[in-house]
Amino acid sequence: MKRYLAKRLLYALLILFLVSILIFSIARLLPGDPIQAAAMMNMDLANEEIINDLRAQFGLDRPVHVQYAVWVKDFFTGEWGTSFGSGEPVFEMFFRRLPVTLELFAGYVFWSFFIGFPLGVISAFKRNTVLDAAITSTAIIGISVPVIWEAIVLIYLFSVYFQIFPPSGYVPFSENPMENILCMIMPTFVLGTHTAGMYMRYVRSSLLEVLGQDYIRTARAKGLKEMAVIMRHAAKPAMIPVVTVIGIDWGYVISGSFLVEYMFALPGFGRMGIDAIAARDYPVIQATLLIVALFILMVNLAVDLLYGYLDPRVRIK
Amino acid sequence: MTKLLSVNNLSVHFSTGSGMVKAVDHISYELNAGETLGIVGESGCGKSVSALSLLRLIPNPPGKIVNGEILFEGKDLLKAGKEEICDIRGNKIAMIFQEPMTSLNPVLSIGQQVREPLMVHRQMKKKQAAAEAVNALKKVHIPDSGKRVSDYPHQFSGGMRQRAMIAMGLTCAPKIIIADEPTTALDVTIQAQLLTLMKQLTLETGAALIIITHNLGIIARYADRVNVMYAGRIVEKASAADLYKHPKHPYTIGLMASVPKLDQDVKTRLQPIEGQPPDLADLPEGCAFHPRCRYRIEQCCAEAPQLRNISDEHEIACWVDVK
Amino acid sequence: MNTKKRKHLNSTHKTRNGSNGVVFAILGHKMAFVGVVIIVSLLCMAVFAPFLAPHDPNDQDLYHVLEGPTWEHLLGTDDVGRDLLSRVIFGARISLIIGIVSTFLSALLGSMLGLISGYKGGMADMVIMRITDTFMCLPVMVMLLVIVAILGPGVENIIIAISVLTWTTFARIMRGQVLHVRELPYIEAAHADGASGWRIMFKNILPNAISPIIVAISITLGRHIMLESIATFLGLGVQPPTPTWGKALRVGYSYLEIVPLYSIAPGLMITLAVLGFNFLGDGLRDALDPRLRGEGKKI
Amino acid sequence: MSNKENNNLLEVNGVSKFFPVHGGFIFKRKLGDIKAVDRVSFHIKRGETLGLVGESGCGKTTTGRLILNLEQATRGTIKFDGKDITHLRKKENQALKRQMQVIFQDPFGSLNPRMTVREIVGQPLIIHRMTTGKGEYLDKIDHLLEIVGLNPGMGDRYPHEFSGGQRQRVGIARAISLKPEFIVCDEPVSALDVSIQAQIINLLEELQEEFGLTYLFIAHDLAVVRHISDRIAVMYLGNIVEVASRADLYKYPKHPYTRGLLSAVPIPDPEVEAKREQFVIKGEVPSLMNPPEGCKFHPRCPRAIPICQERPPLLLEQGDAGHWAACHNI
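Taken in order, these protein sequences are the chains called A, B, C and D.
Going by the numbering used here, the first residue of the first sequence is number 1, and it counts up by one from there.
Going by the numbering used here, the first residue of the second sequence is number 318, and it counts up by one from there.
Going by the numbering used here, the first residue of the third sequence is number 641, and it counts up by one from there.
Going by the numbering used here, the first residue of the fourth sequence is number 940, and it counts up by one from there.
No lab work stands behind these hints, which were simulated from the structure alone.
Check each hint, because a few of them may be wrong.
[Stated by the list, open to error] Simulated coverage check for chain D against chain B, where a stretch passes if three residues somewhere in it have a Cβ under 8 Å from a Cβ of chain B: (1) 1128-1142; (2) 1156-1162.
[Unchecked claim] Lysine-lysine pairs mimicking BS3-like chemistry, simulated, CA-CA at most 30 Å apart: (3) C:K843 <-> D:K1118; (4) B:K392 <-> B:K381; (5) A:K7 <-> B:K381; (6) A:K225 <-> B:K339; (7) D:K984 <-> D:K969; (8) B:K455 <-> B:K444; (9) B:K464 <-> A:K2; (10) B:K381 <-> C:K670; (11) D:K1073 <-> D:K1022; (12) A:K236 <-> B:K339; (13) D:K1018 <-> D:K1029; (14) B:K578 <-> D:K1193; (15) B:K381 <-> B:K320; (16) C:K760 <-> D:K1030; (17) A:K225 <-> B:K562; (18) D:K1079 <-> C:K843; (19) D:K1221 <-> D:K1193; (20) B:K562 <-> B:K409; (21) A:K225 <-> B:K578; (22) D:K969 <-> B:K464; (23) B:K455 <-> B:K443; (24) B:K455 <-> B:K442; (25) D:K1030 <-> B:K456; (26) A:K73 <-> B:K562; (27) D:K969 <-> B:K562; (28) D:K1018 <-> D:K1193; (29) B:K409 <-> B:K399; (30) D:K1022 <-> D:K984; (31) B:K444 <-> A:K236.
For each residue, glycine too, the CB sits at the ideal point set by N, CA and C.
If we strip away everything but chain A, and leave its shape as in the complex, we get:
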């Protein structure tokens, strides 16, 4: 297990290195450097001299690899630069907004794991029944509905028409727990819809696949009751393929959180990202991308761990 762990960790670091190069390049390879972009935003006319001064100030006159090294060092020391738009340090902006996004992820976990998983199990057991058909069709609709439209429809129904939930805005949990939950129900539901549908389908097909395996027959031949067959013999192997797709789907969850925060005007990390992209606020964009990549790598690492725990063939060679 240790070997396996070390291997996954090293691998994640390699990918992190490649991603950081990619992100670093995006801002530099494409037309216009950050200064010019900033200049375009903030200054109407910029003469050469001022620009050159600025370039030196931002270190843009140094060789590319030095710039990269400085950028990486700065990132790890919390020097994430200042936003062109607000002039605020990006690091502070990020940590102020993080709790909102984390709360959103918690909601996603609730909807997709606590609703999607059980529905998948039910539908596998009731396969080819009306219930199965209902669950399966709900799932595929959930997968197909675009986040933005789902948000619009829900806002109209529950905020404009019935006025149950606030249409947008955010109240911190520490300030007013009740209102906090009220304002998070719709966003988390929208974020969870797609993945809940996905997981439901994965769980269903994976469980059906496992139940058709020879070793399930062996377990039955031993005289195990049906419940024991499922809990002891089917559950763990059925989770293996599901766990792997959680890692792959995680990118979708992050994308979704960006859109959800935008639609419901939640002051989270994704909203910051979308605003920064629209404003071509390079320091914020770079930091956002790098943090997103870190998020994804961390979740994938967790998935690898879980995978190793579930499957001894991976753990013990």
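Based on the hints, put chains B, C and D in the right spot on chain A.
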């Protein structure tokens, strides 16, 4: 000899894309305590399905036991409740499956799997069952069994996995052991080791053994009586000695003539059975073997023959008396 | 060669023939059939838009701004009095073009790289797979916004950006398939035939590795339509006055409280398109390989 | 083994194949070798069938692949028709396929499911430009199908429409389409039903007579090998442990492994079975990564003596001419 099991008129049907398939069609046979019964036939002849249906392990759907009774110790297993059948599985009747690779759960250790029947049927605590599992593995000659008990199936070789399967099947000292192609996937030297071991262990406990195989040699070496199956039916039933000396059904005769034997002297051409094995979804009228049969008469194409006695303990399902 | 003729073995097993089988399976698959109906309807709508639409999508009728449904404007009008129904009908064109072209490019690029990666192995595989892993760390949606923000909006840029970001999915699927297929005995047989690398890759491996790619293409088509509409919704996609679903949805969102129908209709079209391709993808998956489930997706 | 050059179609001399095993995190390092084939030597005369038997993992399939040049030998030479074929250029290798073909084990895996039977049988003809026009191409394929006992009308069908035996006939038609002199039959009947095996064996024998083919017949079923082969080589863990004529090998096996192998195969006759001596080989086949020192068979051998643990025995002619065995204790 006491009758342990009797199967009467058992039929199992499968619904498939190309229609209803009679995988097992009105078969009847008996099993006595302590004897070894061989069921021989080619792939798709229904030999495995008939064995699985003894423990009602046919996946439903698509399969269904449509007819017959299976009397075990006077009780019809087909009418038994779920609890009762679970009580018999792995306890009174155990099964050893063909593919030791896929028949063991890859995410549970060998020990966890071997001790399970004891915990279910003997109400043993985990610790006691685990100790018993080590013993069971020792009995099937797994070296260093105390340590290897915590290994996972992928760390075992094919032969070792099958040993573990045998250990698992025998832990509760069942009355009947059904071995479904137990050594087909294994090398000949391992095959000989395992079958001899199985035979020896069943002799020790007095259990009856059903060996299902396509290999005529294995039957000859280990079985006391033989059922020959073709296209879902039993076409010949006899004691092993009698069957090999005087095969009477044209299919059995053909099968024996088509297999090269180690003790044949000269290089003679084999005499194959012409044609293809039948498609169960599209069986010919009458006797299913008639299109490939060189002794066929008109009646064969019209009407399927029933088993009939031709001498003591020797039955065939054929209209013709081959000399 | 003088050979005595042998008795022929004429009976064959009755099974459905390859490609016909797939067609029958799709028709028999209820959801897939619904998917096909939806997709064909949308295609017809896009092709025959000028005949179907009651108005010119760009005609402004400033006397009828932000109106609800009337006989004149069946779905109402937008903030400058353009007919919503016509804009939704014409919107199908842009959405489908972007979806189809970007999926085609992405699938072509990804499959070829996956084929090379899987077949050649070694350094080529190493490089392609590390690039793929790197892309997996950056969600497509977020990256799409960044690239379009930098490249500037426009149909071509969107297509390029989407294709560049999504080929990795196809590469992964194809590579996995090739790694499996190339070890099969019939590829060994092709080697024994003396077949060249190209022949083995394209004639022997590719046809056997393509099924999951076809399934993924169907699902990806829907996803790309969704990506475009989201980018346009956020103002980073197709630019006005071109009628698109995403743009219409944006307008509807702004006037949600006044004319709710305005966001329902275009959003429903996007959902239907995605749903149609997902249904078809499901059907194809069951038809092409019943054992292949839940593989290869990401946005 | 000394033999006259011109009489031998194939000569294998001290051929080994090692597969490196890698480990490590990101940077690979070599952990060791799997010695799949280890200093193997034998020859096959024109028109004869050499049977190659052994259990799974003994290297018999790799040996076949080495001969076919589908795998590059680590060391040793393989001479085909007097010419070394271990270091061929692409063109020559291509030409070699015309003289040497293979029939595979798995009739369900060895036919491309997306190709029609005609395409499968015709692929070698196209690659080697053996036909001049479409008409001749189709005629040739029809003829080939006829030779193996299939109806030419079935050429348009896909492999999944055929039964196992028929598929194997297609595989045979593919193998003989280039009119090779030599065919490696790699377990050609072991995946088939018992009643079908004999059909295929007979077909192979008939083809051998008609076209003067030479076979290397690889199989684990000793009864089948005995039936079809003129001479038989027995392999264990990458080594050949015994080579003899068919009659000699089965009547007077010299190597304990051969004896154990023969004894393990049951004979379908209870009376004979009851009288046979049982010579059971204990234990499992050791790993190829880490084979035993000395004679690789010694941990399982009932007749092992101290020297067996120290030195690997040489393959030496024992008593009768042409009967070779590698054992210290005969």
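> Of the numbered hints stated previously, which ones are contradicted by the structure, given in increasing order?
Replying inline: 5, 7, 11, 12, 17, 20, 21, 25, 26, 27
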